[in-house]
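Could you build all of it, start to finish, from the sequences and the hints given here?
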Amino acid sequence: MKSVERFRAALEGDSLDYLPVAPMVNVPHASKVLGVKPWEYVTNNELYVKGQLKAQRKYGYDWIFNHQPIQGITKEERKSLKIIDGYAVLPTEWGTKLKIPLNGGPAVREPAISDYSQLDELKMPDTDNEERWEPLQELLKITKGEVYICSKVPAPFHYAAEWIRGMENFMLDMSIRKNEVHKLLNFMAEAAIEIGKKQIDIGTHGIMIEDPSAASQVISPKHYREFAYPYEKKVCSALRKYGGEVIIHICGDTSPILKDLAKTGAVCLSVDESVDLNKAMKEVGNKVALFGNVSVGTLHKGSERDVEENVKNCINKAGKYSYIVSSSCGLHSQTPFKNLYAMVNASRKFGKA
Amino acid sequence: MSIKEAVINGDIDNIETLIRNSLDNGLKPEEILREMISGMEIVGEKFEKKEYYVPETLLSAYAMQRGLDILKPLLDYEKSEATGRIVIGSVEGDVHDIGKNLVAMFLEGAGFKVYNIGRDIPAIDFVEKAKEFRADIVGLSAMMTTTIEGMKRVIEEFEKHGLREKYAFIIGGAAATEEYAKELGVQGYGSDARKAVLLCERIMREKK
Numbered sequence: 009m010k011s012v013e014r015f016r017a018a019l020e021g022d023s024l025d026y027l028p029v030a031p032m033v034n035v036p037h038a039s040k041v042l043g044v045k046p047w048e049y050v051t052n053n054e055l056y057v058k059g060q061l062k063a064q065r066k067y068g069y070d071w072i073f074n075h076q077p078i079q080g081i082t083k084e085e086r087k088s089l090k091i092i093d094g095y096a097v098l099p100t101e102w103g104t105k106l107k108i109p110l111n112g113g114p115a116v117r118e119p120a121i122s123d124y125s126q127l128d129e130l131k132m133p134d135t136d137n138e139e140r141w142e143p144l145q146e147l148l149k150i151t152k153g154e155v156y157i158c159s160k161v162p163a164p165f166h167y168a169a170e171w172i173r174g175m176e177n178f179m180l181d182m183s184i185r186k187n188e189v190h191k192l193l194n195f196m197a198e199a200a201i202e203i204g205k206k207q208i209d210i211g212t213h214g215i216m217i218e219d220p221s222a223a224s225q226v227i228s229p230k231h232y233r234e235f236a237y238p239y240e241k242k243v244c245s246a247l248r249k250y251g252g253e254v255i256i257h258i259c260g261d262t263s264p265i266l267k268d269l270a271k272t273g274a275v276c277l278s279v280d281e282s283v284d285l286n287k288a289m290k291e292v293g294n295k296v297a298l299f300g301n302v303s304v305g306t307l308h309k310g311s312e313r314d315v316e317e318n319v320k321n322c323i324n325k326a327g328k329y330s331y332i333v334s335s336s337c338g339l340h341s342q343t344p345f346k347n348l349y350a351m352v353n354a355s356r357k358f359g360k361a
Numbered sequence: 005m006s007i008k009e010a011v012i013n014g015d016i017d018n019i020e021t022l023i024r025n026s027l028d029n030g031l032k033p034e035e036i037l038r039e040m041i042s043g044m045e046i047v048g049e050k051f052e053k054k055e056y057y058v059p060e061t062l063l064s065a066y067a068m069q070r071g072l073d074i075l076k077p078l079l080d081y082e083k084s085e086a087t088g089r090i091v092i093g094s095v096e097g098d099v100h101d102i103g104k105n106l107v108a109m110f111l112e113g114a115g116f117k118v119y120n121i122g123r124d125i126p127a128i129d130f131v132e133k134a135k136e137f138r139a140d141i142v143g144l145s146a147m148m149t150t151t152i153e154g155m156k157r158v159i160e161e162f163e164k165h166g167l168r169e170k171y172a173f174i175i176g177g178a179a180a181t182e183e184y185a186k187e188l189g190v191q192g193y194g195s196d197a198r199k200a201v202l203l204c205e206r207i208m209r210e211k212k
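Quick mapping for you: the protein sequence lines, in order, are chains R and H.
Quick note, the working numbering runs 8 ahead of the 1-based positions in the first sequence.
Quick note, the working numbering runs 4 ahead of the 1-based positions in the second sequence.
A hint or two may mislead.
[Unchecked claim] Pulled from the structure, derived: some chain R residues nowhere near chain H, Cβ distances all over 12 Å:
#	residue
1	K83
2	D93
3	R117
4	E118
5	Y124
6	T135
7	E170
8	E176
9	D181
10	S245
11	R248
12	D268
13	E291
14	E312
15	N324
[Said to hold, decoys possible] Simulated coverage check for chain R against chain H, where a stretch passes if three residues somewhere in it have a Cβ under 8 Å from a Cβ of chain H:
#	segment
16	301–311
17	336–343
If you are wondering where the hints come from, they were derived from the structure by calculation, not from laboratory data.
Note that CB positions come from ideal geometry on N, CA and C, so glycine has one too.
Dropping the structure here:
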């Protein structure tokens with residue numbers, strides 16, 4: 009089976025040759041594989057594509073995580089990039105300023121709005137700008153459609169909180185400015201749908217929604233159902249109707265909201281290591297495929313043997329259908345190469361049908 | 005509604021009026037502070053029991069902060085003896101600071117003098133602020149697996165300046181763990197704001 013077929017079969021619960029393996033290789037690890045600084049990788053479309061391809065070929069896993077939330081960087085954005093004391097500040101289309109440090113992934117330096125009166129000034133992302141889609145087009149072209157490419161769209165809740173309003177304000181707003189919060193979330197869902205549709209038009213195989221701020225250590229299941237779920241669902245249903253497959257990732261222990269997540273319309277849920285894979289399979293395995301669960305801590309600090317054991321355990325718990333072996337979250341920057349090889353090898357060894 | 009309840013419920017709209025009325029009725033600022041602290045203790049317990057999450061806890065902490073703003077000048081807060089002095093910040097690259105701010109507010113509620121130096125703080129700034137503030141404890145926060153290594157760089161910076169032994173260090177945040185605290189060789193890890201307060205109190209007791 010080709011990677012793309014293997015990945016799809018797992019999503020659909022069909023029979024497989026091996027379980028697919030798809031570690032969440034993003035900024036820190038991909039830039040390390042390529043040997044460039046994280047900010048160079050993030051702000052240069054060519055390096056970004058090279059980094060993702062190089063990592064996929066190096067380890068031989070089954071997907072490429074097209075993880076940039078704003079997709080390709082435009083020439084205009086590159087021009088406004090500022091390098092200060094060894095880190096980079098990148099203004100984005102919405103007005104959010106990102107800081108990309110020497111080591112590690114980008115983080116929001118300044119959210120887009122300081123007041124909800126500015127909400128009306130927020131514009132839908134310009135999906136007609138071809139430069140945005142260069143990385144996805146390149147990845148599809150070079151892999152000839154053989155590797156499953158999963159492209160990220162901004163999760164409404166997380167991006168509203170972190171990029172647009174600022175986390176602390178947003179968390180307070182949920183109690184004292186509900187109407188404005190819902191207005192912003194609606195806007196974010198529309199934006200995610202526009203971006204996702206464009207990605208589907210171009211040919212992405214899957215769509216990833218990462219919604220870490222909606223984690224159950226952060227907000228209550230009640231708040232999740234009020235503020236995160238309806239918008240995840242809105243995006244999933246719209247993109248599903250458009251022919252897309254959505255995977256949702258939320259960090260931490262999502263057990264209290266797992267059944268809700270399974271109703272969003274996502275075809276697959278990416279679960280952190282604190283979720284019991286066996287229980288999760290029993291609870292939602294008839295509705296969705298599961299993804300993840302291999303400890304990023306073990307991948308970072310454990311031996312190759314530890315990694316192998318961890319993968320084996322995950323497969324034992326999840327079974328050999330409807331499961332994609334992956335890291336529980338984004339990889340630590342210092343994750344040793346040998347441990348990722350061990351992860352891929354163990355998946356082939358224990359995930360053989 | 006009592007002041008304690010206002011803190012528990014995060015009633016940021018009414019807490020100031022409640023406090024002013026209580027002061028007018030002759031209640032001492034120290035008594036009001038004690039009420040607020042006992043309210044915050046309940047908030048901490050609710051957080052531990054998963055009755056409260058970040059939004060609810062944050063709202064209570066804000067209510068507490070508004071109360072403290074009124075009480076501080078009356079309490080002669082700056083001159084009063086502190087339980088301990090702590091510098092706290094999120095390490096470089098990490099812009100998440102809700103949890104760290106909550107810890108800072110809980111510590112302040114427990115009588116610590118807290119210098120919250122913010123988020124995305126370079127290692128050298130921790131050293132300088134700890135010296136300047138005459139800290140007993142330095143608190144480091146990281147939320148992401150991609151930024152946690154920044155903690156190590158902070159500890160190394162203190163070593164470089166020969167100040168590693170001068171301060172106690174505590175770590176927290178979603179990416180931090182007990183094991184990582186051991187690996188760094190620091191005094192402790194707190195999994196939530198209430199545990200961080202207990203940890204700091206223990207450190208100060210052992211110091212004395």
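Claimed clearance of chain H by T135/R, with the beta carbon kept past 12 Å
holds (27 Å)
With 12 Å as the threshold, tell me whether S245/R passes as away from chain H on beta-carbon distances.
holds (26 Å)
Is the Cβ of E312/R farther than 12 Å from every Cβ of chain H?
Holds: least Cβ distance 19 Å, greater than 12 Å.
Looking at D93/R again, its CB stays over 12 Å from all of chain H?
violated (9 Å)
Looking at N324/R again, its CB stays over 12 Å from all of chain H?
The claim stands: N324/R keeps its Cβ more than 12 Å from every Cβ of chain H (closest is about 24 Å).
Least C-beta distance between R117/R and chain H, which was stated to exceed 12 Å:
violated (7 Å)
Does D268/R clear chain H by more than 12 Å, comparing its Cβ with all Cβ atoms of that chain?
holds (16 Å)
Does R248/R clear chain H by more than 12 Å, comparing its Cβ with all Cβ atoms of that chain?
Check passes; 30 Å lies beyond 12 Å.
Given as non-interface: E176/R, which should sit over 12 Å from chain H by C-beta:
violated (5 Å)
Could you check that no beta carbon of chain H comes within 12 Å of the beta carbon of D181/R?
violated (9 Å)
Count residues of the segment 301–311 of chain R with a Cβ under 8 Å from any Cβ of chain H, then say if the count reaches three.
holds (count 3)
Taking the minimum C-beta separation from E291/R to chain H, is that value above 12 Å?
Answer for E291/R: holds, closest chain H Cβ roughly 19 Å.
Hint violations for this structure: numbers 2, 3, 4, 7, 8 and 9, all remaining hints satisfied.
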